Amino acid sequence: MAEYSCLIVEDSPMMRQLLVFALARVKNLRVTEADDGVDGLRKLASARYDIIVTDINMPIMDGLKLVKRVRSDPFHKDTPIVIITTEGSQEDRQRALQLGANAYITKPIQAPQVIATVKELLKIT
Amino acid sequence: MPDSRAAAARDSVTQSGRRLPAVLRLMPDSKHNRTGPPSDRAPTDLHKERENLLQSFSRGTRLTEEVVNEHERLVSRVAELERDNAVLRAKVEADDAIRELLGKIERLEQEKQELLSHVQEVEANSSQFSERFQQVECEFSNLANLFVASNQLHASLSPRGVMRRIKEVLAQLVGAEAYVIYFANQEGTELVPIAAEGVSGDALVNQPIRTSRIGQVHQSGDASIDEEGDPSRGTLGNPPAILPLSVDDRVIGVIAIFSTLAQKNRFTTLDYELFTLLRRQAAAALVSASLFTAAERRIPGLEAFMDLSV
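Protein chains in written order, with my numbering: chain A, 11 to 135; chain B, 1496 to 1805.
With the rest of the complex left out, here is chain A (with noise of 0.2 Å):
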């Protein structure tokens, strides 16, 4: 069976211990975590990942920032990323979506919300 790998770049460490938790329920997927855009630039910069799950608001590099930087990187240009923030608004979401993100969850986030955006994502069934 394939093996995934997602990375997870959120500054908050409750959100993040979160998102591992609720990742941790689809099988056969690798999580990695980033503490901000930074991080998580260096991360993809040393590894190959199927997904990248980030936050928005973050110090050091936001998670808009760091979806532009991924899309310029032709090593992960189509890699899914899931936008993760307490924007709800519609303009955010657009923003979001026109800059390459994939999917976008708003906070709190739900954990089975999460599954599910990853697995469709991957095409898990």
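Keep in mind the hints are simulated off the structure, nothing from the lab.
There may be inaccurate statements among the hints.
To be verified - Rough simulated footprint, nothing fancy, chain A against chain B, three-plus residues with beta-carbon under 8 Å:
1) 1632–1645
2) 1650–1664
3) 1754–1764
What the hints assert, rightly or not - Stretch-level coverage of chain A by chain B, calculated; a stretch enters the list once three of its residues show a Cβ under 8 Å from a Cβ in chain B:
4) 18–25
5) 28–40
6) 120–134
Bear in mind that the values here come from a model prediction, so they are computed numbers and not experimental data.
Here a beta-carbon is modelled for each residue, glycine too, at the ideal position from N, C-alpha and C.
We have chain A; now place chain B onto it with these hints.
For chain B alone, kept in the frame of chain A given last:
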């Protein structure tokens, strides 16, 4: 030749010397079989007798023809009946085959109904299982949230770290947008805001314990939660949730949630569990961290733990 046979041969010869056909010789009533001498019969009778004989012969011929025709007709009829019989037999066999097929169809239909019933049963079970699976997943998600919240509340021993985590629980897990955390003053007359989010500075005022709605929650020790309204539309004057903060059954402060994020339009089961967690653990974590800091982060000596064994 024996005498009887010679006599018979003699009798079969007519007076004119003609020999009669063998068939006339077999006719018992024939005058030719009369045993009297030829001189006793009248010559005119011969012609009549011949005519009679011919008529008899003709009748015999017709009779034979009729018999032959009747035989042919009967043979034909038998053949016809045999054909009919064959057709009927084939039909009966076909009927049997049809009956057998109909029986088979009936059995298959019954089997189909049983299978359909079984499929429906399996589908119902599957649906139940799926529903149950979703419930379990939801429960798991809630437990994970509670575990993470509890784990994070006690992950720090600095008051600032604990407060940051309390705020994270409120913002990230509950979805609170505007809230204030109050602690009671030493006199026990007012609640003083010690941390806030989404509330302007001029709104951060002390709340009298005896007269304000927030103060009443402190007094009673019972949470005030608007279960029906939309918490995202809450106001400073009408907070949708007010939670007392307790340490060892003593209320020492209050969390007032004035509004939630726009997408959070009702409190869920998980929120109520998180409220309970905050009520019981947030203040305790804060007090513990404060005492640890006041003790200059010194771990108590062994003697502090010696009397704990049972």
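Taking the hints in turn, this is what the structure says about them:
no.: 1; hint: 1632–1645; result: holds (count 9)
no.: 2; hint: 1650–1664; result: holds (count 4)
no.: 3; hint: 1754–1764; result: holds (count 4)
no.: 4; hint: 18–25; result: holds (count 4)
no.: 5; hint: 28–40; result: holds (count 4)
no.: 6; hint: 120–134; result: holds (count 4)
In terms of the numbered hints stated before, the structure departs from none.
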